[in-house]
Amino acid sequence: MADQFARVIIDISHEKVDRPFTYRIPPCLEGKIQAGSQVWIPFGFGNKKRTGYVVETSWEAGYDETKIKDIGGLVEGSVTAETQLIQLAWWMKERYGSTMNQALKTVLPVKRQVKGAEKKYIRCLLEASRLQQAYEEAVRKKYRARARLFEAFLTNPVIPYEMALEKLQLTAASLKPLLEAGIVAVESQYQYRNPAEAMRKKDKEEKEPVAFLNEEQRAVTKDFCRRYDEGIRETALLYGITGSGKTEVYMEIISHIQKAGKQAIVLIPEISLTYQTVLRFYKRFGSQVSFINSRMSAGERYDQFERAKKGEVSIMVGPRSALFTPFDRLGLIVIDEEHENAYKSELSPKYHAREAAAFRAKQSEASLLLGSATPSVESYQKAMEGKYRLYTLSKRAKKNSSLAKIQVVDLREELREGNKSIFSRVLQEKIEDRLEKGEQIILFMNRRGYSNFISCRSCGEAIKCPHCDVTLTLHRNGRMVCHYCGYSMEKPRLCPNCNSPYIAGFGAGTQKIEAMVWDRFPGVKTLRMDLDTTSKKGGHEEILSAFGAGEAQILIGTQMIVKGHDFPKVTLVGVLAADLSLYAPDYASGERTFQLLTQAAGRAGRGETPGDVVIQTYAPDHYSIQAAVKQDYPLFFQREMAFRRLLRYPPAVHLLTVHMASSKEEVLAATAELLMGCLEPALSEKAGVEWIGPVNAPIYKLHDSYRKILYLKSENYDILIKIRKQTERFFEAREGQRDLTVQYDLL
21 MADQFARVII DISHEKVDRP FTYRIPPCLE GKIQAGSQVW IPFGFGNKKR TGYVVETSWE
81 AGYDETKIKD IGGLVEGSVT AETQLIQLAW WMKERYGSTM NQALKTVLPV KRQVKGAEKK
141 YIRCLLEASR LQQAYEEAVR KKYRARARLF EAFLTNPVIP YEMALEKLQL TAASLKPLLE
201 AGIVAVESQY QYRNPAEAMR KKDKEEKEPV AFLNEEQRAV TKDFCRRYDE GIRETALLYG
261 ITGSGKTEVY MEIISHIQKA GKQAIVLIPE ISLTYQTVLR FYKRFGSQVS FINSRMSAGE
321 RYDQFERAKK GEVSIMVGPR SALFTPFDRL GLIVIDEEHE NAYKSELSPK YHAREAAAFR
381 AKQSEASLLL GSATPSVESY QKAMEGKYRL YTLSKRAKKN SSLAKIQVVD LREELREGNK
441 SIFSRVLQEK IEDRLEKGEQ IILFMNRRGY SNFISCRSCG EAIKCPHCDV TLTLHRNGRM
501 VCHYCGYSME KPRLCPNCNS PYIAGFGAGT QKIEAMVWDR FPGVKTLRMD LDTTSKKGGH
561 EEILSAFGAG EAQILIGTQM IVKGHDFPKV TLVGVLAADL SLYAPDYASG ERTFQLLTQA
621 AGRAGRGETP GDVVIQTYAP DHYSIQAAVK QDYPLFFQRE MAFRRLLRYP PAVHLLTVHM
681 ASSKEEVLAA TAELLMGCLE PALSEKAGVE WIGPVNAPIY KLHDSYRKIL YLKSENYDIL
741 IKIRKQTERF FEAREGQRDL TVQYDLL
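Here the working numbering is used: position 395 in the sequence shown is 415, and no number is missing along the way.
One or more hints might be untrue.
[To be verified] Derived pair list, reagent style DSS-like, types lysine-lysine, alpha-carbon separation capped at 27 Å:
#1 K282 / K330
#2 K329 / K69
#3 K279 / K330
#4 K742 / K364
#5 K589 / K419
#6 K279 / K242
#7 K242 / K407
#8 K589 / K650
#9 K415 / K303
#10 K303 / K242
#11 K402 / K382
#12 K684 / K484
#13 K69 / K125
#14 K162 / K196
#15 K545 / K425
#16 K545 / K161
#17 K282 / K303
#18 K329 / K125
#19 K382 / K52
#20 K650 / K425
#21 K282 / K242
#22 K282 / K407
#23 K68 / K87
#24 K511 / K484
#25 K742 / K402
#26 K457 / K425
[Unchecked claim] With beta-carbon atoms standing in for the labels, derived distance ranges:
#27 N736 / Y603: 29 to 35 Å
#28 E85 / K279: 51 to 57 Å
#29 E326 / V95: 19 to 25 Å
Since the hints were made in silico from the structure, they are not lab data.
Note that the Cβ used here is the ideal one computed from N, Cα and C, for glycine as well.
Please take these sequences and the hints and turn them into a complete structure.
In structure tokens:
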């Protein structure tokens with residue numbers, strides 16, 4: 021009988037988790053060892069006994085079998101969090117078609133050296149009366165940088181050094197005389213590595229009382245907790261309109277499972293939501309809360325995972341990677357805004373956090389709670405089929421708060437009547453009204469930059485990125501940037517193609533909208549929130565806290581400003597171009613448009629003052645826009661599912677996509693042709709499988725790499741798995757072929 025072998029890693033926290041060692045599984049342990057099993061193994065000099073984790077098993081050794089040692093035995097004891105994470109990695113490998121190494125690196129935290137981050141502060145040494153005099157003197161003598169610094173000191177005598185340099189535009193040269201005169205002092209301290217703890221220290225006097233739940237919220241919480249206490253572990257979908265108080269329901273349920281000694285993971289889709297969400301959670305649960313986000317270094321994330329593993333925290337908040345928190349008493353996973361695309365990984369394994377969370381919840385005997393005002397079509401379909409338990413919140417949680425009134429403006433009519441501005445007449449009137457009343461406004465434009473692209477009016481040539489098959493976006497600083505690879509160049513004076521001087525920008529992005537607001541409404545204070553303004557660490561928090569504090573009346577931004585934020589003073593939301601997402605090359609573009617518009621509308625009127633929303637579009641009759649105006653999700657779902665069934669798109673059928681890429685166009689073309697030759701017999705024999713391609717990807721060239729996609733559709737999930745495995749074998753046979761990568765996506 022052939023021997024079975026196991027790949028074992030010794031230290032799962034080490035940076036090089038791609039160095040497993042091969043051991044033979046002795047006959048007495050066959051059938052007992054699987055991915056995640058903790059085993060005793062002989063290792064190193066003298067065959068010293070050490071523990072390791074099995075990451076996969078195989079009937080092929082891959083090495084000289086005479087040099088392979090036997091596993092010493094299974095480690096007795098309870099299943100560890102590491103065991104569960106390795107099992108999750110194995111499931112992801114099988115489900116999404118990645119390598120085990122890729123899956124392990126996704127789920128296991130990596131240990132790296134972490135040092136305390138030194139943070140500098142500038143302290144004012146003047147008394148309050150003398151400070152006021154110094155400020156007035158600086159203004160009178162037109163020492164602008166010094167005046168800005170003193171003005172900041174009037175509010176807070178200690179300010180971060182980094183803020184003084186960036187926001188106040190202070191320089192080391194302008195600070196030097198103040199230091200020499202003993203007016204200010206620069207102090208240093210080490211910043212605490214856990215941002216949640218830093219928030220607690222900053223707001224330690226604030227404590228959020230347990231929220232008063234309305235009748236709907238109480239009913240949902242009571243039923244969920246009752247079923248949990250009865251041992252029912254299931255996936256539930258909480259569909260609640262914007263402002264219905266889903267977060268209060270999450271916190272009440274978490275409080276309940278904590279009493280049973282359990283831990284919770286709360287996933288949020290956007291880094292911009294981290295600050296507000298964590299703020300609410302730590303005010304309720306104190307030191308039991310920690311969080312991670314994508315702006316943290318690998319070392320900082322590892323540090324938070326270690327705190328979770330040691331039991332120092334019981335609630336972890338963060339993006340999809342927070343799902344891999346090593347809790348060993350996990351009782352609940354919450355996925356807020358479950359419809360968001362951010363929960364889908366773009367790297368191999370191309371997992372969806374919703375599916376991975378369902379697997380981990382089953383492993384841990386935990387419950388999974390999905391929440392959204394605009395659920396994904398896939399989740400709502402499962403709720404309709406009874407696979408998910410459905411809860412509904414149909415009223416806003418705040419007293420006297422109601423959904424905003426939505427008005428659609430047909431931009432075709434605006435143009436016919438002579439208005440060529442990006443702002444419709446209705447929106448201009450409402451902006452003026454809110455500015456007079458001192459209320460706040462959000463303007464949503466889902467495109468950053470100053471102009472969409474630069475084109476020559478003589479030859480019609482648009483200036484493209486040399487590394488990607490996309491046009492460059494013009495920014496206000498005069499540079500043209502590729503938003504995919506980061507390539508940038510100065511705007512040319514002449515067309516690179518025909519040397520014509522008649523080149524100009526077309527379309528508008530958030531930067532141009534900001535300039536138009538300044539021109540149309542002089543003196544108004546604005547903030548802009550997009551990838552350009554939030555690229556530095558803490559950028560999201562700085563902008564959101566400033567807007568929340570009333571430092572600006574208008575917030576202009578991309579989709580990151582319309583998700584989950586709660587600003588009671590916002591009474592007007594303007595959607596400047598609703599069609600940008602509607603005509604994207606994606607079968608889910610209608611769903612994406614409905615979600616964005618409904619979420620944007622949900623930002624207005626969250627306080628007691630009623631809100632208005634103006635949606636500007638060239639397609640006012642599209643069902644996605646009409647359903648968003650009515651804020652009627654069931655109506656949208658009915659129309660969207662009819663469309664999906666007619667054209668056979670998920671969730672009506674399963675969809676497998678094979679993404680192939682190569683830096684050599686001829687290699688990609690030849691490989692795609694060979695792949696189809698390999699699959700053709702299987703496809704012709706399998707009834708009910710449709711395929712398209714391989715075709716060029718929507719962006720054919722990206723980062724100097726050419727890309728093709730093969731689409732396969734079937735109602736039978738198992739058939740697509742078999743085809744994917746056959747495709748994997750095809751590419752494994754070409755493992756030595758460089759300049760070729762492949763990824764799989766299965767919906």
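For each hint, the structure was consulted:
1. K282 / K330: holds, 14 Å
2. K329 / K69: holds, 24 Å
3. K279 / K330: holds, 19 Å
4. K742 / K364: Status holds; Cα separation ~23 Å.
5. K589 / K419: The hint holds at about 15 Å.
6. K279 / K242: holds, 15 Å
7. K242 / K407: Distance ~20 Å between K242 and K407 Cα, so the pair holds.
8. K589 / K650: holds, 23 Å
9. K415 / K303: Answer holds: K415 to K303 is near 25 Å, not above 27 Å.
10. K303 / K242: Answer holds: K303 to K242 is near 23 Å, not above 27 Å.
11. K402 / K382: holds, 17 Å
12. K684 / K484: Status holds; Cα separation ~20 Å.
13. K69 / K125: holds, 26 Å
14. K162 / K196: Measuring from Cα to Cα gives roughly 18 Å; hence the hint holds.
15. K545 / K425: Holds, at roughly 25 Å.
16. K545 / K161: Measuring from Cα to Cα gives roughly 26 Å; hence the hint holds.
17. K282 / K303: holds, 19 Å
18. K329 / K125: holds, 18 Å
19. K382 / K52: holds, 20 Å
20. K650 / K425: holds, 9 Å
21. K282 / K242: Roughly 18 Å separates the two Cα atoms, so the pair holds.
22. K282 / K407: With a Cα-Cα distance of about 25 Å, the restraint between K282 and K407 holds, given a limit of 27 Å.
23. K68 / K87: Given pair K68, K87 holds - Cα atoms ~16 Å apart, limit 27 Å.
24. K511 / K484: Since the Cα atoms of K511 and K484 sit roughly 12 Å apart, the hinted pair holds (cutoff 27 Å).
25. K742 / K402: holds, 24 Å
26. K457 / K425: holds, 18 Å
27. N736 / Y603: 29 to 35 Å: Holds - the Cβ-Cβ distance for N736 and Y603, about 32 Å, lies within 29 to 35 Å.
28. E85 / K279: 51 to 57 Å: holds, 54 Å
29. E326 / V95: 19 to 25 Å: Holds, since E326 and V95 (Cβ atoms, about 21 Å apart) stay within the stated range.
Comparing the model with each earlier hint shows no violations; every hint is respected.
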